[in-house]
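**Student:** Taken in sequence, the protein lines are chains A and B. Counting in this note's numbering, the first sequence runs without a single skipped number right up to 420 at its last residue. Counting in this note's numbering, the second sequence runs without a single skipped number right up to 499 at its last residue.
Below, a list of computed lysine-lysine pairs in the PhoX-like style, where the Cα atoms sit at most 25 Å apart:
no., chain 1, residue 1, chain 2, residue 2
1, A, K332, B, K431
2, A, K320, A, K400
3, A, K400, B, K431
4, B, K433, A, K332
5, A, K163, A, K93
If you're looking for bench data, these hints aren't it; they were derived computationally from the structure. Predicted, not measured: the structure shown is a model, and the values here were computed from it.
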Amino acid sequence: MADLQIDFAGIKSKNPFWLASGPPTNTGYQVQRAFDAGWGGAVWKTLGDPVINVTSRFSGLNYGGQRVAGFNNIELITDRPLEVNLREIRETKRNYPDHAIIASLMVEPKQEKWHEIVRRVEDAGVDGLELNFGCPHGMAERGMGSASGQVPELVEKQTYWAKEAAETPVIVKLTPNITDITATAFAAAQGGADAISMINTINSLMGVDLDSWNTIPNVAGKGTHGGYCGPAVKPIALSMVAECARESDIPIPISGIGGIENWRDAAEFMLMGASTVQVCTAAMHHGFRIVEDMIDGLNNYVDDKGLASVMDLVGQSVPKYLKWGDLDLNHKVVAHINQDYCIHCNKCHIACEDAAHQCIEFFTDADGRRALSVREEDCVGCNLCSIVCPAEGAITMIDKPSEVSMTWNERQRMISMFGG
Amino acid sequence: MHEHRSFLEEKRKIDELLQSNFHIVKVIENLSGAYVTMQRSDDADDDLSVTVHLLSADARRYMTNVLFAQRLKQSMTGS
Ligand SMILES: Cc1cc2nc3c(=O)[nH]c(=O)nc-3n(C[C@H](O)[C@H](O)[C@H](O)COP(=O)(O)O)c2cc1C
Ligand code: SF4
Ligand code: SF4
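Please build the complete structure, drawing on both the sequences and the hints.
**Tutor:** Below, the structure written as structure tokens:
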């Protein structure tokens, strides 16, 4: 039985699975049920300046057979009174002292506003604070959320103000709606953040109804941009975590968020440098009990890897995530078609012919049947055929390692010595 | 499309020059590919130089590997 406990910037949690700030953490009733189901921590639905939410807030992207491949919302922060939330936080902490409760906060970018809210929520007994610099709609029009999260100076300054008043660890939650997330992550670290979390939702418009021409979702026929999340955003979130994890100027722990649905996703984020993971959409889609499989799966995985603690996973893949210019240009992979598994759908041939390097050819096999094979010398190893192939095992990408490696950066340095 | 054929053709040109005791002295890369100037090695009595135009990515990769090998050999022989 592996040790799943984590220590995240001083916040202890019985496992790395936290609910992200959102509808599942709106009330004490929900958070307590989540803790009963097994979640190690919860980031409370963002508290802050008063708002009123609209109805018709969410929409789901169904892709092929998969429901909720992506999810979009135009919900703001909590619209319940601060006193009610604080009472429920206090009660939840009393009933569940061993679970991590993080208060997510968003106020106007003013020093006194940050000082006031930090003091009030810490008084309720939270284990840490998460500054929400990420919400992309509504609050941003009022200078909060991603509007301040996109400006490194404002991230640094507000983090500093929160830290001035805070006694518990401060996590800064970053917006992905920025060209280079390391710029704001660095600003958070400069402001004194104890940790960062990412990602909040990505600017999105889910669709347009072709009959009514209304946006999806719409409020009385009018729409606005929302925040995108769920499985579709996982690769974007993972790359942002990795970008920050490999940066030595950002030497603080990372909580990974975005499209996490199961223990595998969680393990990937941890390998890429996250020491906790947060989940919102999957809990909304499947309910709190998904955490049971997450805990079991991660436990078995850590055991199978022969590790004592889940913390031993953190960051193991970061040294393997490089800049493109440091990849080996001499390494080659080529596609190979396994005739025993091929169902002769020809998709690989069409893909390679129309969109790759025209090297999957027909031949007649010993029994006189038409079959396909790869002309290896022209295959650039792009993987496209294996991606489109519907028959498991029919196309294998085979490594052809070279004896010496040569990266683009090494090559350019060498060529520059010869006048190039 | 047999890009491999153009690679083999360009590689053959480089290899033939290498076999005739040429080595790379200059490489210019631009939008049209790589122009690789090769000269006969020092002990030859003329300073004949030849410029090969490489277009294929594989040939340009190959040429740089030749450069690395050449540098390694030079550093070992001190030449
Ligand atoms: C309906 C909804 C409401 C959300 N509200 C908040 C919020 O109040 N504060 C916050 O920091 N993030 C909020 N988020 C963002 C999530 O915490 C999370 O960063 C994002 O959804 C990506 O994770 P996921 O793919 O697991 O959903 C919300 C997300 C959704 C779907
Ligand atoms: S890997 Fe790319 S180039 Fe090679 S056979 Fe497949 S599609 Fe063609
Ligand atoms: S896509 Fe796969 S199954 Fe279809 S012909 Fe190619 S190898 Fe066979």
